[in-house]
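Visitor: Sequence:
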Amino acid sequence: KTSIFRMLTTLLLPDSGSAKVLGYDVVKDDQEIRKEVGYMPGRFSLYQDLSVEENLNFYATLFGTTVEENIDLIRDIYVQIEPFKKRRAGKLSGGMKQKVALARALCLNPALFLMDEPFASLDAQTRTSMQNLLVDLNKKKEMTVLFVTHDILEALNISDRIVVLGDTIIDIPLNIPKEHRLKNNEI
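The numbering used here puts the first residue of the sequence shown at 67, with every later residue one more than the last.
No lab work stands behind these hints: they were computed from the structure.
All clues given are correct.
With a straight-line cut-off of 30 Å between C-alpha atoms, the simulated DSSO-like cross-links for lysine-lysine are:
#1 K207 / K101
#2 K101 / K152
#3 K86 / K206
#4 K86 / K67
#5 K207 / K151
#6 K205 / K101
#7 K206 / K152
#8 K207 / K152
#9 K206 / K67
#10 K67 / K101
#11 K67 / K207
#12 K101 / K206
Let the hints inform the model, and build the full structure from the sequences given.
Guide: Shown next as structure tokens:
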């Protein structure tokens, strides 16, 4: 799954075959895909020696935008990380690093957002907080999010549709209204 996500985000070239993302070919149209697709890997992937602010600005600049242009999209996250904006990323807690990584990936205002087990290493409270934040962001932006998790409760809590990959692919549309789903992973 990680290799598939890396190919879909043009970080890894396929050995064979072909794939399209948002109508773009992953080999021929890498620059277009990078403008439209956000990616948040399981590892924090922040520059540890840069401050929070520098990490956000650097990434936004790489993609021809600014944090300010997309502040409405990331405001809910930004207010939580703003008190730490001068702190080096390497000195942040795991939960705070994930919030910075999420804000950084969303700075480009993606049409498609790929998340590869982004909350797997977080404690239960931070994980639930990040899940709720993601659900709220998805409501505001209405972007398509592909989210990889091994936690079925997490999948049920944040998803409209679940695809189970194995020897066969099982596609499960969820017809459960959001208000009747698990809240904070309680059963």
